[in-house]
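Protein chains: 2
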Amino acid sequence: MKRQELVENIRRKRSFLCVGLDTDIKKIPQHLLDTDDPIFNFNKAIIDATAPYCVAYKPNLAFYESLGVEGWIALEKTIKYIKANYPDQFIIADAKRGDIGNTSQMYARSFFEHLNVDSITVAPYMGEDSVTPFLGYEGKWVILLALTSNKGSHDFQLIEDRDGRRLFENVILTSSKWAGPDEMMYVVGATQGKMFEDIRRVAPRSFLLVPGVGAQGGSLEEVARYGMIDDCGLLVNSSRGIIYASNGHDFAEAAANEARKLAEQMATLLA
Amino acid sequence: MKRQELVENIRRKRSFLCVGLDTDIKKIPQHLLDTDDPIFNFNKAIIDATAPYCVAYKPNLAFYESLGVEGWIALEKTIKYIKANYPDQFIIADAKRGDIGNTSQMYARSFFEHLNVDSITVAPYMGEDSVTPFLGYEGKWVILLALTSNKGSHDFQLIEDRDGRRLFENVILTSSKWAGPDEMMYVVGATQGKMFEDIRRVAPRSFLLVPGVGAQGGSLEEVARYGMIDDCGLLVNSSRGIIYASNGHDFAEAAANEARKLAEQMATLLA
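Residue numbers (the working numbering), protein chains in the order written: chain A, 1 to 271; chain B, 1 to 271.
Rather than coming from a laboratory, the hints here were simulated on the basis of the structure. Be aware that one or more of the hints could be misleading.
Unchecked claim - Just a few of them, taken from the derived set where beta-carbon distance is under 8 Å, the chain A residues facing chain B:
{"no.": "1", "residue": "60"}
{"no.": "2", "residue": "66"}
{"no.": "3", "residue": "99"}
{"no.": "4", "residue": "100"}
{"no.": "5", "residue": "268"}
Unchecked claim - Pairwise CB distance ranges (calculated):
{"no.": "6", "chain 1": "B", "residue 1": "250", "chain 2": "A", "residue 2": "135", "range": "33 to 43 Å"}
{"no.": "7", "chain 1": "B", "residue 1": "164", "chain 2": "A", "residue 2": "52", "range": "19 to 29 Å"}
{"no.": "8", "chain 1": "A", "residue 1": "36", "chain 2": "B", "residue 2": "37", "range": "49 to 59 Å"}
{"no.": "9", "chain 1": "A", "residue 1": "230", "chain 2": "B", "residue 2": "2", "range": "50 to 60 Å"}
Since we're looking at a predicted model, the values are computed, not measured. Where a beta carbon is used, it is the ideal one built from N, C-alpha and C, also for glycine.
Could you build the full structure based on these sequences and the hints that come with them?
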């Protein structure tokens, strides 16, 4: 999906919500466990209920891999289901991959050719040749980790170099030489608040994928205040706060409610 | 596998070789493509041929994931095969994972409980809470990226902080507070040559997983000269140089030859 199409979807739906499909077999409603494919059936219900309120889905690969082969089958079915029924949704494989060139190439093949998602999250530690194999696929995106939402983000991402530039700033400045804002986004945690100003200084035109609203405690208002640009430039993700809003038979309805609440806030912020 | 057992295996076999199972369907001998499970059959033959000369196997997850569900089946079969037939081999899932706490926990479950490998490679960018969920599993190891073998390692890993400490040194120093050398190793590329001296200054007792000998051009002698410690402290990996030594019906024999040559060099270096 190209940037223009993504922006049009955001404007039409008045939402920049991404729903995170962190589907955990231990957390989904009991009654689904007796069905043929609990993970996929859960996802399908969540997707059907939330699609009007979001512009993107982000399956978190860890949750599928933890189930081995079965998990991969559920993941592939989920992605096919979204593409077939909601082709205007932007799909993010939250995989945080990154390896030497020939290996990243295999991952690119896996995610962009085999699974055919729109984007993949990539870890920057190994540098240029670990990232560039993901570039150059028409309409596909790399979403590079910059300043993450977790506590550990302080361990290395904030280390200042001799010129006072922090590692996340170096990651953005260096990687912006590899790809422009039409095929690279950055992950910036909603928990980082005013730091979005610093991010916008080095990434004025990039889309940001923003996890950490909801269960992790980030503020949507702050993110929009400091991070929003002309064409929005934000995809804000909520996972647990939406998909586990209820544990009963009404889980899909409850998820739709939470997604709608966020979308309503977003409509105001976009106006 | 505990450190003592690993060291005993190295001494008994007089080898610290790790064979990288970067199995690519596009590179394996033609005649295997007609069998029921080409990837597994290739791995099985390579393992049977090389097991006398190595102490570890390192399947590279990207190569399996790129095939989707089929790839995961081949990976699971490969790991089970090694555990059943060569229980003294140390198995490394080369996955380079690392995510927020609850996600890393899922990965830990996936790799240590489901696949039941001995170790997993982890990327440090997201800091402490992305790494610690992998710790505390009896006999299991985290292998953290420090100074990788690729060209892009220079992009961020060598950035000096205000005190002149480079990022890879900060990664080692900080992470050594999370776990000791009995459950954490570091990835250091064989292409880094004399930098092993700098590594040993900050990680005097840690085992190092060393990729980059062979196809990537690293020197085994240099690695041993600057990196070896009392109980060896090295696992040197070769992937392409061994497993693709021949493309014909003699591929397993050719792989054994390459592995034996490296093991012979290693025996000399250990002596």
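Going through the hints against the structure:
The beta carbon of residue 60(A) is positioned within 8 Å of a beta carbon in chain B (closest approach about 6 Å), and the interface hint is therefore held. For the restraint placing residue 66(A) at the interface with chain B, the shortest Cβ-Cβ distance is roughly 4 Å, inside the 8 Å limit, so the hint holds. Annotation: interface hint on residue 99(A) holds; nearest CB of chain B at approximately 6 Å, less than 8 Å. Because the closest C-beta pair between residue 100(A) and chain B is about 4 Å apart, less than 8 Å, the hint holds.
Hint on residue 268(A) is violated. Least Cβ distance to chain B is approximately 28 Å, over the 8 Å limit. The beta-carbon spacing between residue 250(B) and residue 135(A), approximately 38 Å, falls within the hinted interval of 33 to 43 Å. Restraint check, residue 164(B) to residue 52(A): a C-beta distance of roughly 55 Å breaks the suggested window 19 to 29 Å. In this structure the supplied range 49 to 59 Å is violated for residue 36(A) paired with residue 37(B), their Cβ-Cβ distance being about 25 Å.
Range check, residue 230(A) to residue 2(B): about 57 Å between beta-carbon atoms, so the 50 to 60 Å window is met.
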